Structure formats: structure tokens, C-alpha cells
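Student: Given chain E's structure and the hints, the job is docking chain X onto it.
Those protein sequences? They're chains E and X, same order as listed.
When we follow this note's numbering, the leftmost residue of the first sequence carries the number 1, and every step to the right adds one.
When we follow this note's numbering, the leftmost residue of the second sequence carries the number 1001, and every step to the right adds one.
One or more hints might be untrue.
[What the hints assert, rightly or not] Reference listing, derived: stretches of chain E covered by chain X, where coverage requires no fewer than 3 residues with Cβ under 8 Å from a Cβ of chain X:
| id | stretch |
| --- | --- |
| 1 | 87-94 |
| 2 | 110-117 |
| 3 | 141-152 |
| 4 | 160-174 |
Source of the hints: derived by calculation from the structure; they are not laboratory data.
In this text the structure is predicted, and so the values were computed from the model without any measurement.
For each residue, glycine too, the CB sits at the ideal point set by N, CA and C.
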Amino acid sequence: MKKNNLLKVALFMSLCSTSAQAYKISVYTDQPDQSKAQEVINTFKNTYPFNQYDIEYEVKSVQASQLNCKADAAIARLPECDTHAIVLDAAQRGVSQAIIVKDNPIYGGSGGAIPVVTTGSPASVAVHEYMHTLGLSDEYQYSASEAVIYCKSVSSPNLAFIEPNPNGYQNDSSARSQHMGHIPWGEFIKSETPITHSGGTLLGTDGVNHDMYATPNSTGAPSRMGSSVGLYEGKTCKSAVPPLKTWQPGREASIMEFVAAGLGAGNEMSIAKALESRGVRRKTPLPENTSSAINTEARGNKAIQNEDNSKSTGTNTISR
Amino acid sequence: MNIKFLTFLSTAFLFFSLKAEDIKPTNCGNLLNVVMKIDQAQKNASLENFIFSKEQFCDLGTNELKSNFELILLDKNNKPLNQKSVFFNTVEVVESFKSKKSMEFGKTKLLQTPQYRVVSFAIFGKPETITSYKIISKADNKIIGVGVVSEKK
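Same shape as in the complex, but just chain E:
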């Protein structure tokens, strides 16, 4: 009898500690077979760094009326959802984050406080939209009308607004002393990676190569393929009036520009930081010198070219 009681206590304690600590994401869907919602969950579970964190996922079936979405005629009739009822339900059930998968064949989604994706979209759209929820910005070029609302010189974890000195810089150190404080991912830029080019006189490690995708990473370790995290000139606010220079952490186009692309090493680190700042805990500490699998799969019409980055270190040490 005593042994039974002790077992009950141990089980109760472990259940309590698990339920009180895990970050819960609930995918609300009106799709009858829930297949897209399951696909979304599997995508998160197979995407670094989300797969490193103690996140509980579930699917919650709802009626279409409960999602309260209406089609927007101005934008390909994509659904816009009034999320109050869903968020209230999430709060009542101890869910930290709701995601909506709307049964709709149109290809698209929306990102704000609650990510919304249609059943007609690839599951990676949900990752893109959730990254908006965590604070990351789009890396594709906004139109002039969108730029009026969006391009307000407020940096985000993956987008910095920095106007270079018109007279240039003496050297990389000089540029660093002026600008590192304005780069949200600055702590992830290695000391040996310059944030300038042309002999340290012009700002930017390089420009973003929009023809090269960051490799999707389903391993348990940070991306190794591609360029070092640096300061790469993007194009998000080129259509603003006047045009604004924006900078990104990776040379390769990431999922914030093309949904077929991976997060990129810089965004992976920013996402990890965002999750931890929300109290999401890592599953287990990573072992030192863990090697990541090499991702060589080509995506879509643009092949992924894996650059041999001569500036990277020879070993795969994982930082916390």
C-alpha cells in the first residue's frame, strides 16, 4: 500500500511539473481530417531550433464559425480571422500560443499575434508566420504602400535599419564601434567576420544573395551550411520613400523571404533567444562538438548552393 502511494505521488509530481513547465501550442483547425494541422506540428518538430525546446503541441478541432474568418477581397480572398474567441479558449485551457489552420484552398497566411495558415499552403508558411509572432520581420521587398506602415526604422531580431556613414569608415573596427549596438543579432557575429567590405571602408559583410536559399535544417544542431552570420544588405524597405537600408544576419535568403528556404543560422539563434525569453525551456542540454547533418536537398526552382565558408571554425561547437 505504501509503495503504491509513493508511486502515485511520484507520478503526480512529475505530471504537475511537466504541465506547469511545458510551453503549449494549440493548432486550431476547421479541417475535418486535421491533416494540415498535423503537418504543421510535424514541421515544427522537424525544424531546428524549435525541435530543441520543450513544447507541447496539440490539435483542436473547431467549427468554421468559431474561427471567425472572412475572406479579404483585396488580397486574393485570403482569410482574416478575428482571434479573440480562439485566444480566450487558449487562455482558459492553459495554452501559451494558438495557431490557426483555416480550411481554405487559397495559398497564403497571416502573421501577427496569432499565425494563420490555410490548408492550401505548405506547412512551412506556419513557421514563417510564427516567426512574425516572435518578432521577426519579412525579408522580401515591400511595396511602397506597405513600406509606409512597416518601414518605421524599428529594428527586429532579423532586420536592422542602419544608414551607413556617407563618408565611409576607416576600418572594420571603426564601423563596429559605431554600429554593433544597432545590430540586434550582433552577439552572434564572430569577431573574425567583418561587417564591412572594400578594405573596411564600406558597411556590410556583403549583400543578400536572393538567388541562394538557406538550407532547411531538420537536425538537432545549428546550421553549418552557408555564410557566417554577419551584416548583409537586404531589400525589405527599398520601396520606402525615401528608400531605407535594411540589413539581415545571413547572406542566403531565409524563410522570411521564401517559404521553401531554411531559417538560416542567424535566425535560428534569434528564434532560440526569443523562445527562451518567453520561458520556453530546452529539452536537454546539447553535447559539445555535436556535428550537424549536411543538408543537400535542392528546393523549388532555385538550387541551394552550399558555400564553403573559409571563415568558419573547423569544429562544430555548439554554443548555449
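Tutor: Same frame as chain E, but now just chain X:
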């Protein structure tokens, strides 16, 4: 073995299972989930619903990355009891694609309609001591929302 004793043991287990540096006196308590609303067009914010629970919760996320709002829960004397810095994406981006085969984003639309998110607090003490709240925009340090704590709606 009664439920109160089991609850005590689970709380103790939870407490000791965390790293020492994670634990602060105000980090752990009963879970309070609120529904936060931002109306960017009206430039105001509010806490719409309060769901108090006896579930034990240790809040390790009191300062979210790129936080843009400060949420403060107050007692009847306006003394802060609980505080949290949150990031709330106030602009909803509706994104379409150029085609089903293309991975390129097409037409987008930025909305400033009211948005909602869940914010969790760890309440150390009785729930009824929390009587009101205020929300501060960190961009300009202005109070953009005040209100009273209401029962679960």
C-alpha cells in the same frame, strides 16, 4: 494521502527541479492567464479576460525579446504586485504568394485590426489582491491601457 499534501509535494518538486539561478521569489506561483488586446488603430491596449488557476507555474519569461509593452498588475493601493515585459506584434501581415508553385511572396496587406494574445503570470499570493492593471508602451513610455481585474469571462 490527501490532495493538499500532494500539491505541496508537487510544488516542492517543481521548485527543486529548476536551476537555482532560474528561481526568484516572484517567479513561481499560481497560474494566471490573461487575454491581452492591442488596438493599434485606436492606440490602446487592455487585458480582456483573467483566468485564475491553481496550477503551479514558474514564469521564466518575464522579459520577452524585443519587448514593446510593460504589463503591471496592481493591488488596491496601486502597488505593483506583478510585472512583465512582452513583445506583441501589433501589425498583422496578410501574405499571398505569386502562385501555388512559386515560393515567392506576392501581394501582402498590413492590417492594424485588434489583435489578441495570451500572457501568463505566476501569482504569488491570493488572486483577489490583484485589483487593477496598467499597460505601458515602451516606445514612448506612455500608459496606453488601464483597467480593473475582472473575474473570468
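Student: Please go over all the hints and tell whether each is borne out by the structure.
Tutor: So, going through the hints one by one against the coordinates:
1. 87-94: Coverage by chain X holds for the stretch 87-94 of chain E (6 residues, Cβ < 8 Å).
2. 110-117: This one holds; 5 residues, not fewer than the three required, reach chain X with a Cβ under 8 Å.
3. 141-152: holds (count 5)
4. 160-174: violated (count 0)
Of the hints listed earlier, the one the structure fails to meet is number 4.
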